[in-house]
Amino acid sequence: MRIESFSLQQYEDVIQLWQRAGLQLSCSDTREGLRKKLERDAELFLVAMNEEERMIAAVMGSYDGRRGWVNHLAVDPDFQGQDIGSRLMDELEKRLANIGCEKINLLIEPTNHGVQAFYNQLGYERDELIFMEKWIASGNG
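For the sequence shown, position 40 (counting from the first letter as 1) is numbered 40 according to my numbering, and the numbering increases by one without interruption.
FYI, nobody ran anything at the bench for these hints, they're computed from the structure. A few of these clues could be false.
[Said to hold, decoys possible] Here are the in silico distance ranges between beta carbons for each label pair:
id, residue 1, residue 2, range
1, Q82, G123, 18 to 24 Å
2, D83, K36, 28 to 34 Å
3, G81, T30, 27 to 33 Å
4, R54, R126, 31 to 37 Å
5, K36, A117, 28 to 34 Å
6, E109, S86, 17 to 23 Å
7, L129, M49, 32 to 38 Å
8, Q116, R54, 23 to 29 Å
9, L129, P77, 28 to 34 Å
10, R40, K103, 16 to 22 Å
11, M49, G81, 14 to 20 Å
12, E102, R31, 31 to 37 Å
Note that CB positions come from ideal geometry on N, CA and C, so glycine has one too.
Please model the entire structure based on the sequences and the hints provided.
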């Protein structure tokens, strides 16, 4: 397995991976949305490729100058249970640490609550918060 930074040429592959893994995508996961993400911190959007050059995992990390964030971690169902997600998270955490990040946050969709044990194994702890959002662009939601 090889971990590399995501390239926009891999857009269709990452969308298909996220869908196979059962992630809920939003209207910000468009090609244009991911292009904007790459302009900010491309080195934190990682994909794992197997020997056949198939994308088998991805994670979209970000850094706001204060906190790191983990978004859309997915491992292809055919490759789960092989430590790929842990290795991808380890690489993301190293990259975040290298740019001065001291704390990493992540949110888990209620439909994906089963991954909480995975993150607990990696040292993440549950924090009781109220999450709120507001879409400010038309057509979002």
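We went through each hint and held it up to the structure:
| no. | hint | result |
| --- | --- | --- |
| 1 | Q82 <-> G123: 18 to 24 Å | holds, 20 Å |
| 2 | D83 <-> K36: 28 to 34 Å | holds, 32 Å |
| 3 | G81 <-> T30: 27 to 33 Å | holds, 31 Å |
| 4 | R54 <-> R126: 31 to 37 Å | holds, 33 Å |
| 5 | K36 <-> A117: 28 to 34 Å | holds, 33 Å |
| 6 | E109 <-> S86: 17 to 23 Å | holds, 20 Å |
| 7 | L129 <-> M49: 32 to 38 Å | holds, 35 Å |
| 8 | Q116 <-> R54: 23 to 29 Å | holds, 28 Å |
| 9 | L129 <-> P77: 28 to 34 Å | holds, 29 Å |
| 10 | R40 <-> K103: 16 to 22 Å | holds, 19 Å |
| 11 | M49 <-> G81: 14 to 20 Å | holds, 18 Å |
| 12 | E102 <-> R31: 31 to 37 Å | holds, 32 Å |
Comparing the model with each earlier hint shows no violations; every hint is respected.
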